[in-house]
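Undergrad: Chains C and R are the protein sequences, given in the same order. Okay, so the first sequence: first residue is 1 according to our numbering, each after it adds one. Okay, so the second sequence: first residue is 1001 according to our numbering, each after it adds one.
No lab work stands behind these hints: they were computed from the structure. Misleading hints may appear alongside valid ones.
What the hints assert, rightly or not - Restricting the straight-line Cα-Cα distance to at most 25 Å, the calculated cross-link-like pairs of lysine to any residue (SDA-like) are: (1) K1029/R x S34/C; (2) K165/C x Y1027/R; (3) K1038/R x I1013/R; (4) K88/C x L1005/R; (5) K97/C x E1132/R; (6) K1144/R x N1114/R; (7) K108/C x E143/C; (8) K1062/R x E81/C; (9) K88/C x P1039/R; (10) K29/C x L1105/R; (11) K141/C x E1132/R; (12) K1029/R x I159/C; (13) K1029/R x A36/C; (14) K1038/R x M75/C; (15) K181/C x R1076/R; (16) K1066/R x F70/C; (17) K72/C x K1029/R; (18) K29/C x D1033/R; (19) K88/C x V1043/R; (20) K29/C x P1106/R; (21) K88/C x L1041/R; (22) K72/C x A1035/R; (23) K97/C x T27/C.
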Amino acid sequence: MKKIIGLLIIFAVAVGSVEAQKYITKTGKVRFFSDAPLEKVEAVNNQVNAVLDVASGDMVFKVLIKSFVFEKALMQEHFNENYMESDKFPVSTFTGKVTNISGMDFSKDMKYTAEVEGTLTIHGVSRPVKTQGTLESKNGKIEGKSVFTVNVKDYDIKIPSAVVKNIAETIEITVDVVLEKLSK
Amino acid sequence: MNKLLKTFLVVFILGLLAGIAGYVFVYNKPHTDYARAKPELIVDARQCFDEFVNNRSQAEQKYNGKIVQLTGALTRIESNDSLSVIVFVFNEGIFGDEGIRCTLLPGYKVNSLNLKPGDRIEVKGLLTGYNETDVIMENCSLVKP
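Only chain C is shown next, with the shape it has when bound in the complex (with noise of 0.2 Å):
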């Protein structure tokens, strides 16, 4: 009886540490910009889900896609029905890892170069993604800001060709992210 209280002791204590090592936001920022011949495209959605585990280095963000903001109300109805079509493709996701984050001290307020490698899934279609960015500890918090680049054609993005020379075939993908530690 006191080995199985002594386990379940040492299980709680486990998954105790481990939710503490789990740091997230509700409140990711992530922003798109399309630099095409005619126009410059820009839109930012404020409420992207994040999670990243620092010990084993895991990450997941999900984004709604409904949520990006567009300065020209027509650009965001072409986005959201046209080209992302969000009703049936309505989260984005990226799962993946930060691959040396064993060299991280996160109990110091230090700023990392992170290399990162995971899966994201835009439009249905998952593609492996490699990248880097940074992970900076600052009183307590971790911010993660990383840029990186998508080619429309891999998503299975169809841009109809009378609007070809409005949007760009590469997409930046900007993010930054404040998280927090995950107190249960």
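Since the structure of chain C is provided, determine the placement of chain R on it from the hints.
TA: Then chain R, alone, in the frame of chain C:
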């Protein structure tokens, strides 16, 4: 003949101008005024959240992209430099609180500061979806108080 040509030219130019004006108008059409827009659905916040948790695809069809007015007890307001978020919490998941998160329109940031946890409020905005932990609303305004 000259008269016919003249009429044709006038009609052509007027048509062209109308076309350009129409294009400019559509291209620059303003965003929906979410604070003034009539809600398409009025629902209890808890019920709305439960519908997403219990049958996500059905709830997505019903709510996503719609102007929804929610009634519920405020859990808290999260504010930073750029936005204020009304939060209703209904569940505790492995990644913390789960519920409905409503980003307020910039004009409502100040109003939101007078609210206290537990206050019954009515929030209206564009429901953009469910990310497996929270239902998200954007462009929100406070209907009550």
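Undergrad: Now tell me, hint by hint, if it's right for this structure.
TA: Verification of the hints:
| no. | hint | verdict |
| --- | --- | --- |
| 1 | K1029/R x S34/C | holds (20 Å) |
| 2 | K165/C x Y1027/R | holds (16 Å) |
| 3 | K1038/R x I1013/R | violated (39 Å) |
| 4 | K88/C x L1005/R | violated (52 Å) |
| 5 | K97/C x E1132/R | holds (20 Å) |
| 6 | K1144/R x N1114/R | holds (12 Å) |
| 7 | K108/C x E143/C | holds (13 Å) |
| 8 | K1062/R x E81/C | holds (17 Å) |
| 9 | K88/C x P1039/R | holds (23 Å) |
| 10 | K29/C x L1105/R | holds (17 Å) |
| 11 | K141/C x E1132/R | holds (24 Å) |
| 12 | K1029/R x I159/C | holds (21 Å) |
| 13 | K1029/R x A36/C | holds (21 Å) |
| 14 | K1038/R x M75/C | holds (23 Å) |
| 15 | K181/C x R1076/R | holds (19 Å) |
| 16 | K1066/R x F70/C | holds (17 Å) |
| 17 | K72/C x K1029/R | holds (7 Å) |
| 18 | K29/C x D1033/R | holds (23 Å) |
| 19 | K88/C x V1043/R | holds (24 Å) |
| 20 | K29/C x P1106/R | holds (17 Å) |
| 21 | K88/C x L1041/R | holds (21 Å) |
| 22 | K72/C x A1035/R | holds (18 Å) |
| 23 | K97/C x T27/C | holds (20 Å) |
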